[in-house]
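Asker: As given, the protein sequences belong to chains A and B, one line each in that order.
Numbering-wise (this note's numbering), the first sequence opens with residue 6 and increments by one.
Numbering-wise (this note's numbering), the second sequence opens with residue 657 and increments by one.
Think of the hints as simulated: they come from the structure by calculation, not from any bench.
It is possible that some hints are incorrect.
What the hints assert, rightly or not - Straight line, CA to CA, 27 Å or less: simulated BS3-like cross-link-like pairs of lysine-lysine:
# : chain 1 : residue 1 : chain 2 : residue 2
1 : A       : Lys-184   : B       : Lys-751
2 : B       : Lys-771   : B       : Lys-679
3 : B       : Lys-942   : A       : Lys-222
4 : A       : Lys-312   : B       : Lys-750
5 : B       : Lys-868   : A       : Lys-222
6 : B       : Lys-751   : A       : Lys-241
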Amino acid sequence: MNRIVRTNLFDITGLFLLAAAFLLLTLKLDVGDVLPSSFLNLNTIFISILIEAFPFVLIGVLIAGVIQIFVTEEHIQRWIPQSRTKAIIMSCVVGALFPACECGIVPIVRRLVAKGVPLYAAIGFMLTGPLINPIVIASTYMAFGNNASIAGWRMGLGFAVALLVAFLVSFFFRGHQFKQALMSTQTIPTNRKKEPFTQRFFSMLTHSIDEFFDMAKFLIFGAFLAAAVQTYMPAKSLLEAGDGPFSSIAVMMGLAYVLSLCSEADAFIGSSFNSIFPTPSVLAFLIFGPMIDLKNTLMMLSVFRAKFVFSVLFFVATTVFLSIVLVQSFL
Amino acid sequence: MVFQTQQAVRAAILLLFTVLIFKFHYTGEITMFINPKYIGLSQIASVLFLILFFIQITRIWEKKTHHHHHDHECSHNHDCDHNHDHGNTPITLKKVISYVIIAFPLVTGFTIPAKVLDSSIAEKKGGMAVITGKSETSSTDETAQEELVQPSDTEEVLPNPYGEITQEEMNSLVQKLKQSDPINMDDYVYYLNYEEISKDVASYKGREITLKGFVYKEEGFQSDQLVISRFLITHCVADASIIGFLTQFDEAATLDKDTWVEATGVLDVTTYNGTEMPFIKITDWKTIEQPSEPYLFPLNVKIL
């Protein structure tokens, strides 16, 4: 008897959970009436950000799992150029070719750094990944009245900013900058090759699950904050704050940061501000948002030391701001 | 065989996310959250959650507890390349908090119904500042290629709702708008028409227009003015932006915010806070039920 129970334990637990879940589907819970309507708005925005982000996050953690199990330190050493400049340029180009979203990229970056990719190269990849890809180019092109110049500037200037920030990181930071708690034993080489493929594939999936749970709390917290900002912070007060040419750049960057929009969807929002703010400020919004935002900062904080995260934030913010000021006259 | 509470909690969370997304699809609530164009993507998420759940349940009953302290030896089938939590370490308050955070959207997702965004959000998103703003945007646009389209093309059937349309199809839609009087602001072409009209208000002056939307009012409106507005969703409701037409009719004062109306009127030009913008003198209107698809989605033009 005991043995039968034991061998079927997985099935029993699984069945039990499945049954409980179906019960939830049939149950009609509704506490919508007792809550203030602003909270209902907040919740709708919150859930929608999560539904939008989950596919990208899941694909991100799966890729992270693949890197963890199938890519070895030797591969990385062979692929990444020894020269710092070459490594940075390569990482930014790979990021530009890689269609990522800012929610999915943090776990990938973390895995790459753990596998020995230099930190500066990983940051270059992280910055261009969400910003430069076909979907973003297309949506920007459409949102600005089928005008290619904004989309062009967004990609070009964004690429330059990413290169610069990657160089800054390479000057100021050594090592992997992981949080203390995560630092132990990650350079011990693995002898995965001996294990059969199915075993490795299974490890890849369990690894992805752990990665998901590491990221999820920060993603969810960030999404909630972003939704709260949208529900309670009037854009009007922001709009009034940004009437000078410099303050309007800062305001638009601040807005991009707190709204935490997906890079594939922010172009239409950006274009709706096109008349209230001068074009350079809107461009700052479009370049800064995909590179780093509230949701993304929280996810980075789950991996890297706070000092490093805020330095990257500072580097990105200042280079975006200064480069926009520089090119202002051409726009 | 030892029951691993944390692994079980993780399995349950993965399954509940699967079910939550499935529920939104099943009830059709999903379009209250995201642009239907991305439905496929969220279904993929649901399936991935389910797969991860089936992987995760195998970890609920471990043969023995092994507190995986990272500094100890790397025996058995565990590689030591890890630098994160496996869910095998003892439960601490910090962990409880993180599971509570992760469970939070599950609780609100299952118990609080999706709400259609209302005028309070429209106000937070900038309201009239954004609507008047639209009229000033890019009037430098290309008009040259639109002339190429033959008028005979304009009677074609609308292309599939959420797919991409070609540049020619879009041009013919614009051409159709230019010739139509009355103009019907159908959901499918609403945003396209809205942009075209905003770009060149003067040439549409005097035409009859029919539209629907919810009532939005702001400080500074006269008592007979209101905006008939809609939300445009690119990807998810977090990126909703408000669009709409300023209208004028005597009974406007009696209508509350967020009431849905269908109205017919004559397009005119007005100046609001120093900006020229379209304006509709309403001739006929009625209140309607909120449509089942309250949001608008931009057309996707193929560019490659």
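Asker: For each hint, tell me whether it holds in the structure or not.
Answerer: Status of each hint after checking the structure:
1. A:Lys-184 with B:Lys-751: Holds. Lys-184 (chain A) to Lys-751 (chain B) sits at ~17 Å (cutoff 27 Å).
2. B:Lys-771 with B:Lys-679: 16 Å, holds
3. B:Lys-942 with A:Lys-222: Judged against 27 Å, a Cα distance of about 47 Å means the pair is violated.
4. A:Lys-312 with B:Lys-750: 21 Å, holds
5. B:Lys-868 with A:Lys-222: Violated, at about 40 Å.
6. B:Lys-751 with A:Lys-241: Violated: Lys-751 (chain B) and Lys-241 (chain A) sit about 39 Å apart, past 27 Å.
Checked against the numbered hints given earlier, this structure breaks hints 3, 5 and 6; the rest are met.
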